[in-house]
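Undergrad: Same order as they appear, the protein sequences are chains A and B.
Take our numbering: the last position of the first sequence gets the number 316, and nothing is skipped along the way.
Take our numbering: the last position of the second sequence gets the number 772, and nothing is skipped along the way.
Think of the hints as simulated: they come from the structure by calculation, not from any bench.
Incorrect hints may appear among the rest.
Distance condition first, Cα-Cα at most 20 Å in a straight line; then the derived SDA-like pairs of lysine to any residue [unchecked claim]:
hint : chain 1 : residue 1 : chain 2 : residue 2
1    : B       : 324       : B       : 572
2    : A       : 4         : B       : 601
3    : A       : 4         : B       : 642
4    : B       : 601       : B       : 382
Facing chain B, according to a computed beta carbon distance under 10 Å, are these residues of chain A, among others [stated by the list, open to error]:
hint : residue
5    : 10
6    : 75
7    : 223
According to the in silico footprint, chain B covers these stretches of chain A (three or more CB under 8 Å from chain B) [what the hints assert, rightly or not]:
hint : stretch
8    : 17-31
9    : 115-127
10   : 299-306
Built from N, CA and C at the ideal position, the CB exists for glycine as well.
What follows is the residue order along each chain.
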Amino acid sequence: MENKLYVSSSPHFRSNNSTRRIMLDVIIALLPTSVAACVIFGFRSAVLIAVCVATCVLLEYVSRKIMKRDTTIGDLSAVVTGLLLALNLPVDINPLIAMFGCLIAIVVVKQMFGGIGMNFVNPALAARIVLLVSFPSAMMHWVTVPGQPQGAMIDATTSATPLAAKAGTYSYIDLLIGRCGGSIGEVCAIALILGGIYLVIRRVISPIIPCVYLATAALMSLAFGLDPLYQILAGGLLLGAIFMATDYTTSPVTNWGKVVYAIGCGVLTMLLRTYSNMPEGVSFSILLMNILVPHIERLTAPRTLGFVKKAKGEKK
Amino acid sequence: MAELSFPKKPYPTRGGVHAPHNKNTAHKQSVEMPVPKTVVLPMTQHIGAPCAPIVKVGDTVDVGQCIAKSDAFVSAPIHASVSGTVKKIDKITMPGGNRVDAIFIESDGEQRVSPDVKPPEVNNLSDLISAVRESGLVGLGGAGFPTAVKLSIPPDKNVDTMIVNVAECEPYITSDHREALENGWDIISGIMTVKEFLDIHRVIIGIENNKPDAIKALREIADSSVDIGDEIRVLPLKATYPHGAEKILIKACTGREVPMGGLPSDAGCLVMNVASIAFISRYLKTGMPLVSRRLTVDGSAIKDPTNVIVPIGTPIKEVIEFVGGYQEEPKKILMGGPMMGVALPNDELYIMKQNNAILAFGEKEARLAEPSACIRCGKCVSACPMRLLPLELCNASDRRDEDALNRLNAMNCMECGCCSFTCPAKRHLVQTIREGKAFLIQKKREQDAQNKGGKK
Ligand code: SF4
Ligand code: SF4
């Protein structure tokens, strides 16, 4: 017989999972949030999203070319990064600042560390924090949105975020449907929750991280005498817990690791929200926990089937 | 010691994947293949020492006549599967790439039975073990471990449970399923014999719940009056791969864990493949050694997938022709299942004792996607039934990092393929981990040699 058989190692069957399909699912899960952003903040959000996505994809392509590595834009991960970054920005940000954020995310954090799977912090989050430190006023400028409560207005065009506003200004309903100030992707809680449910159903993420993160934050709020539901719905917590903390590369792969990591995120978030002079603690907490992931993983390695502890004195 | 009880439902196991079942041949009666013109019998059809031929070129042999054996403890003799003349004894290349001697027998078509073939006399355990050894039986489920060795349980091990493996979790393969349907009585009488001589009072028949007809058939016999003390029960298992792997099967049936590096007997269990146990009962009745077996021929390139009963040593090509040949150009031919089977370089090889399937696939199934970077999704971790960290093992193997491989318990990987199967980045995890294991074994050998040298 002609010698044209494939001789490869087992297994000879593969599931139809693929990186591209997973990223596509994340994009689908972010659709409700993106649509909500356009409805709440108007056409400008669509432009912001388009600018970030296009810049990220372009930068990914160019940096891979320059580093003489194969192109990876087909896996859609740059689209996800661009989308997430856009959703973390205020709507009236200067597009040049947004593009600078993309540069940080894709080139510095992702590609300089070796590309997908190699970065040790979440690219979109790292970029957001760099922008926050470099352009604090532009990054914390929240425009008013139609229908939001009068009390939340600072002046004719600016409003306070739910966490900065006086208690009682925003109702739960305001937070659920996004009648409040904030970055374009964090305001509409319902859209975020929908996306989260989709990701869990599609088995893209395990529910451990978001659930434990939110539960820890709720418990901490109770301990601090805050309203747990309000704390969960307000600010970037849902966006962070569902879409940022669950980033594969920068979260633990072991189940117990996920629990430890999520508890850490929850505790840090509430500590920062309560004690720091910056009301928003989600990004910093996740970033800090990202850095601890290798250690958490090492400490939570599962016990392999049939593993017996070596008796004392027994030689290895 | 606590009274042994039968589990109502399987004990929980971790990981595993939902591989497509594709059990296309489950409802088809097996067919017997006519005697081929030539059979080729390699000297290693089992795990352990190779046999040495005891016939010469030109000798006339009969069916069931022993033609090769070895004095080593871990080995199994080989018998002529046809009557005819020994044409030549020559080296052939095995699927793994190593070259071994093989006996070529030209059949005279008469299928004369050798006068040596007569029912063995079995009065105690050691009779049984030597009879099984003479029969040339090896584990028919795929691994090919000599059954006589398995039955020789060291006296310091307390084996109280026998598990009969009908899980058959590999996609496509239905040869054990057909065995259960077609030879139910052989199975039960084989179980009765073995349990009596080994003094085992709990027999669990583990079978995946995607074979309701076989479960029903086996239950009917196991629950009938032959099973006097009600010591044999059928336990339906979840139909997830790899429930047929020994360690996973033991966990699911008894809740016990085989210690790392240990054997089933360390967990008080004896695991027997269903076809092996049925063979034992037939052998005790007829004395005909292992000269033929049932196997599944399937895959997208096969015209008419069927289970066939073939003489051992039949050329694979002829078996495929017998079931109607190829319907498209084969691009990959497997010996065994798609998850753990070996890809053959061509179809010029021969059916061996432990061979439970021949699968041939066309271009679409044969082609594997190119691997890309690991995205650390953790899917391989949740899929690993041994609860290892495949992605870390893979990295450690690439780095040839001995400490990390040991810390990650690389040797506990059973190469089941769940991790590679599920990986969205299509990484060659199993292949890389296999290299890492080989590296560890080599390191250990070097170390042992050094220690020996140092002592002198
Ligand atoms: S399944 Fe593949 S991509 Fe996911 S963590 Fe394992 S090796 Fe990496
Ligand atoms: S091949 Fe090894 S590492 Fe991969 S899933 Fe199976 S036991 Fe785990």
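Undergrad: For each hint, tell me whether it holds in the structure or not.
TA: Hint check results:
Restraint check for residue 324/B and residue 572/B: satisfied, since their Cα atoms lie roughly 15 Å apart, inside the 20 Å limit. For a cut-off of 20 Å, the pair hint linking residue 4/A to residue 601/B is broken: about 46 Å separates their Cα positions. The hinted pair formed by residue 4/A and residue 642/B meets the criterion: a straight-line CA distance of about 15 Å does not exceed 20 Å. About 18 Å separates the Cα atoms of residue 601/B and residue 382/B, which keeps this hinted pair within 20 Å; it holds.
A cut of 10 Å between beta carbons decides the hint on residue 10/A: the least distance to chain B is about 5 Å, and the hint holds. Of the supplied interface hints, the one on residue 75/A holds, with its beta-carbon coming within about 7 Å of a beta-carbon of chain B, less than 10 Å. Evaluation of the residue 223/A hint against chain B yields a violated restraint, the C-beta minimum of about 31 Å exceeding 10 Å. Counting residues of the stretch 17-31 of chain A whose CB falls under 8 Å from any CB of chain B gives 5; the rule of at least 3 is met.
Residues of the stretch 115-127 of chain A with a Cβ under 8 Å from some Cβ of chain B number 4, which satisfies the need for three, so the listed coverage holds. Evaluation of the coverage hint for the stretch 299-306 of chain A: fulfilled, as 6 residues show C-beta separations to chain B shorter than 8 Å, against a requirement of three.
The structure fails hints 2 and 7 (numbered hints given earlier, in ascending order).
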